[in-house]
Each structure stands twice: as C-alpha cells, then as structure tokens.
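4 protein chains.
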Amino acid sequence: METTAHLPMHAGYAERVRASFARQGAMALIGAGLVEVRPGYCAIALAPRPEVSQQHGYVHAGILAALVDSAGGYAGFTLFPEDSSVLTVEFKLNLLAPAQGDRILAEGFVVKPGRTLAITRGEIHAERGATRKLVAIMQQTLIVMRGKADSGNAER
Amino acid sequence: METTAHLPMHAGYAERVRASFARQGAMALIGAGLVEVRPGYCAIALAPRPEVSQQHGYVHAGILAALVDSAGGYAGFTLFPEDSSVLTVEFKLNLLAPAQGDRILAEGFVVKPGRTLAITRGEIHAERGATRKLVAIMQQTLIVMRGKADSGNAER
Amino acid sequence: METTAHLPMHAGYAERVRASFARQGAMALIGAGLVEVRPGYCAIALAPRPEVSQQHGYVHAGILAALVDSAGGYAGFTLFPEDSSVLTVEFKLNLLAPAQGDRILAEGFVVKPGRTLAITRGEIHAERGATRKLVAIMQQTLIVMRGKADSGNAER
Amino acid sequence: METTAHLPMHAGYAERVRASFARQGAMALIGAGLVEVRPGYCAIALAPRPEVSQQHGYVHAGILAALVDSAGGYAGFTLFPEDSSVLTVEFKLNLLAPAQGDRILAEGFVVKPGRTLAITRGEIHAERGATRKLVAIMQQTLIVMRGKADSGNAER
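Chains as they are written, first to last, in the working numbering: chain H, 1126 to 1281; chain B, 1126 to 1281; chain A, 1126 to 1281; chain R, 1126 to 1281.
Keep in mind that a hint or two might mislead.
To be verified - Which bits of chain B does chain H cover? Going by a derived footprint, with three or more residues having C-beta under 8 Å, they are:
#: 1; region: 1135–1149
#: 2; region: 1170–1179
#: 3; region: 1204–1213
As the list claims (entries may be wrong) - Here are a few chain R residues that sit away from chain B, every Cβ distance over 12 Å (derived from the structure):
#: 4; residue: H1131
#: 5; residue: A1144
#: 6; residue: A1153
#: 7; residue: R1163
#: 8; residue: R1174
#: 9; residue: P1206
#: 10; residue: L1259
Claimed, not checked - One side of the interface only, derived from the structure: several residues of chain B facing chain R at Cβ under 10 Å:
#: 11; residue: K1217
#: 12; residue: Q1225
#: 13; residue: T1241
#: 14; residue: L1242
#: 15; residue: I1244
#: 16; residue: T1256
#: 17; residue: I1268
Hints are computed from structural coordinates only; laboratory data are not their basis.
Yeah, the Cβ is synthetic: ideal placement off N, Cα and C, and Gly gets one too.
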C-alpha cells in the first residue's frame, strides 16, 4: 500500500492523543504504553505476562484487539479537527500466529481520513530479541464526533 | 436466524470450558465471569468500572472484544471433540452504542460447527436495572486444534 | 437477536427501494430479483446458473456478496429520510457451505438504524425443493447520504 | 507491511490459476480479466460499464467484492500444494471511494500462507489516465482443500 503523508488539522494532535490515552483505564489495566504518535500513525506496546494471557499462555486475542483498536483509533485521531473526538464504528482482526515474546507492538495506520469517517489498518508484531513476527492484522472504521471534545463524555 | 439444537461431542464439555476459562489470565484481570455454558452457547459478564474504560468512561471496545471473543470461542469449544483445543482465526465487531450500565453481558452462539472450522456470532448487551440494550455484534471464525488438549500449550 | 419493529421515515420507502434496485445494472446482469421489501428488511433472490459460478460450479462468493450487500443496503434504506441515499461503508461475509440449489435467497435485516450510520446483518440461504440451508452470514455498515436523493449521482 | 518473497509448492501454479479463472463463469459474466499471477500475488481487472453498476452509476460493491475475493483467493492458491483447491472462508471489505474510471484493478497479496488456512489482504484501485485512486481494501481467510484438485467439484 502506498505511504501517503498525512497532515494534522490540529497543532496539538500528539498531546491530545497522549492525554486521551492517559484517560483510558483499560490501557493502564492491561499494562499498555504509548510508544509513538505521528500524523496518521500510532504505536502501542505491551509486555506479555500471565495477567493478559489466554488459556495456552499466549496474549489473549481480546487484549490484542484492545491494543490495535486503540492504535488505529489514535492514528485516526491525529488527523481529526480540534473540537472532536473519536469512536470506533467497527474493526476486524485476523490472528496469524500466537502472540508471545518480549514485547507486543500494535501499530495503526490511516488508510483514508475523512470528514465523517476514517479508515485505518493495523498490524501487531511480537518481538523477541532482534526477531519480529507479524501476529495479527486489522481493518477498522472510525467516526469523527464533531463538537465533542475528547475530554468529556460523548453520547453516540 | 433459526435456532438449531447442538449436540456436544464430549460429555465433559461444560467442565472443560470452565477449566479453560479459569486459565485465562486476561478474563481475571478485566474482572469477567463465566455466566452460562450450554451446547453451542456461552455467556460472559463484566461489571463496568473505571479500570476497563476508554477515554469517555464507557467500557473500552477492546475489553468488549475480549469478552465476546471468549464467549464465541467457548460457545464453539462446547461442540469440539475430546482431544482438541480452540483458537480464534478472526473476528469482526460492530459497536452500536456506548457500553455502560450495571452489567455487560457478552454471548456467543454457534452458527455452524465443523470438523476444521466453526463459525459463531456474538452479541453484547448493556444492562441497567430491568433494561437491556444491544451495544455490539460480532462474527467469528474458530479453528479446531485436534490432538492438542486445551490444558497444554498449543502451537499453531 | 430480538426482533424490533422498525418505522420508516418516508412513506414511499418501498417504491424508492424498487426504483433504486431497477437502476442497479449489476443486479440485472447477475439475474437477481427483488423479492420483498419491508421496514428494516429486504430479500433478493437469484437462480444459480453457470454464468454466476466459481470454478467448482457453486455460486461465486462475490456474487453472494453482491446479493447480500444489496439486501442489507436496501434493508437500511427503507428507514432513511426522504432526501437521502445509501452507500455501503464496509461489510464482512462468512461463507458456511457451497451455494447451490434451485434458488439463492439473500436477506438483509437492520440491527441498528441511525442518523449517520446504520448497521445491518445478512443471511444467505440455498433452497432446494422444501429444504433450506444457511450458506453465508454478513455484518454491514451503511452511511446515510443526506441531501442526495438516490436517483442522482452521489459524491462521497 | 513488509514484503516477503513467497515460494510456490507447485511448478504449474500460474497455469493452474489461469485454468481455474477460466472456469469461473462469474468472472466472464462481469467482464473481469486476469492481469498478473505471481507467487503470493494476483491481479484482476475490469472496465467499468453500466452492466456492473450500482444505482449511482459507480461499480457495484458486490462486483468489487467479486474481483478482490477472486484476486485474494488466487494469490493464496499460487502457494497451495499440487493436489488441492481453494475456498474462501470469509472476507471483509471497506469501501473508501466511488469506483469509477477507465479500469478497476483488484490485487490480492498473501500475508500468511499456511498448511490449512491462508490469510490475504486486497486492494482495489480505480485508474483514470495516469491517475490511480485507492477505492477499497480487503482482509480475507482462505482454506486449503487438500486431496481435491481444483478441476472437480469440491464438497466442503
């Protein structure tokens, strides 16, 4: 897929993402950390541990979903206008290999920004030492909630 | 969709699901509880709290995904043969309304069991007092891992 | 899933769907016929024949997709306001069994109507004599294109 | 996404795809042509015309689905063993922009080949003169049907 340079519509786009991430209790609970925010891109990392596992000891598909849904959502949010917030309309996740290793990295990439909807894709890699394995891919639809700053409660 | 009666292939199907659920660190971490297991059906509940929220205070889409992915996976697992385990191939989740209330209930229903793959659908309702609101729907593909009992580590 | 009674916002909802269907060259090309239109529901049928097959002689997954995408889209369109048209944002299709028989029936059901987006699900059955087999299920997101009557060209 | 070199397991992989494509009545009906076959890749083209349109005159989402489902399926099939055929388990399609122009090009890329399942992604571009616009993206799961050559009828 071609890489397109994306232009943010809001100078404080990265700070806004960091503040929003900090309000996500779920990210703190699972131990996820915000790694990188760029226009049209966001990366979130997690260290695998028993508390986020499924029954075989790998990272739970739902935890992977939480990581990559947030990464895609914040990738989209970097390109949203000032007085707006972001909600996920839907996403689809394909699991390719067991998620295990030193670090799980979920990345979101904006494929198409838009006035009302934004489309992203996501990738999750499991890293162990110098090796990196693709463990999941995602496609996601976001909606721009205009007139509703991210800091308050949104009504959909 | 017609309701079909499903027949389990393994007498201890419900016990097997309960034992597997108990090994999922992620379900304990987010505070999810197994509510019901029947052939071709599983229900998992969660009490909303700040630790599982997104930035607006609703339950995080990824936490919803974890609940319904597990509900669908265990619905499928009730119909799998004895010496097998279950892995999610993929799922797709549509978010319909903010998830808030006294209890979030995720249900998985087997649409088509199979020798190699099983297809499920899922629903998530938010309950408040006597009211019940549909907040998400899911479609999921599972794979039957034969010759790999659920209690050990699976290699995909 | 509970069945909810849906109320159309436009008295001519059925006629509008029929007129729109008649403008779909693709439906005529594949030989699809509009079977039923009700508020929140639409059914489209196809007689299997070699011209719509894949390499094994069953109805092609893409043809099934065309049927159920239209059925879901028109199910949603029955609930849209007068001066609007409908576009598919995305859909996901699970194929459960080979599509063969006397008639393929694709049905769309509105799960959640909305001001901007509508969510539907779909089912495809293959009918042979008195038997009826579920061959595919779908989940779909639609967008309401306001101020753009269906008869003209829409710009997204 | 990293580009990985894929190795076919069957010397006649391209010829096998071409023969299978030629048996797809649906591809002939809609006017689709096979443009390129490489290990892990397949491209299929279509010239937009009223017979493949939806109600606004753009190429119908279902026709786009047929193109990209086949492109993904044949991309996967290039890597399958000799005595096998391919079936689509599921796919998800996001529509990004109206499909119009001189040529619609659907491409399938293998993300992960496998013994039982293969995961692909797809892109559809609309071309007009020298310009090229991304109009849809797809994620797809395929199943390897072993012991069932593509030329006969498969039972799932």
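Going down the list of hints, with the structure as the test:
Counting residues of the region 1135–1149 of chain B whose CB lies closer than 8 Å to any CB of chain H gives 4, so the stated coverage by that chain holds, three being the minimum. Only residues whose beta carbon comes within less than 8 Å of a beta carbon in chain H count, and the region 1170–1179 of chain B has 6; three or more means the coverage holds. Closer than 8 Å: that is the beta-carbon criterion, and the region 1204–1213 of chain B has 3 residues meeting it against chain H, so the requirement of 3 holds. With a minimum CB-CB distance of about 19 Å to chain B, H1131 of chain R clears the 12 Å threshold, and the non-interface call stands.
Taking the minimum C-beta to C-beta distance to chain B, about 26 Å, the non-interface status of A1144 of chain R holds against the 12 Å cut. With a least CB separation of 30 Å from chain B, A1153 of chain R remains clear of the 12 Å interface cut-off, as annotated. Distance to chain B confirms R1163 of chain R as a non-interface residue, since its nearest Cβ pair spans about 25 Å, more than 12 Å. Listed as a non-interface residue, R1174 of chain R keeps its Cβ farther than 12 Å from every Cβ of chain B; the least gap is roughly 32 Å.
Separation of P1206 of chain R from chain B is adequate, the least Cβ-Cβ distance of about 16 Å exceeding the 12 Å criterion. The beta carbon of L1259 of chain R is kept farther than 12 Å from every beta carbon of chain B, the shortest such distance being approximately 21 Å. Restraint check, K1217 of chain B versus chain R: the minimum CB separation of about 6 Å is within 10 Å; hint holds. With 10 Å as the threshold, the beta carbon of Q1225 of chain B stays out of range of chain R, its nearest partner Cβ sitting at about 28 Å, so the hint is violated.
With a least beta-carbon distance of about 7 Å to chain R, the hint placing T1241 of chain B at the interface is held under the 10 Å criterion. Look at L1242 of chain B: its Cβ gets to within about 6 Å of chain R, closer than 10 Å, so that hint holds up. Nearest Cβ of chain R to the Cβ of I1244 of chain B: about 8 Å, under the 10 Å cut. The hint holds. Using the Cβ-Cβ criterion of 10 Å, the hint placing T1256 of chain B at the interface with chain R is not satisfied: the shortest such distance is roughly 32 Å.
Given the 10 Å rule on beta carbons, the hint for I1268 of chain B holds: about 7 Å separates it from the nearest Cβ of chain R.
The earlier numbered hints that this structure contradicts are 12, 16.
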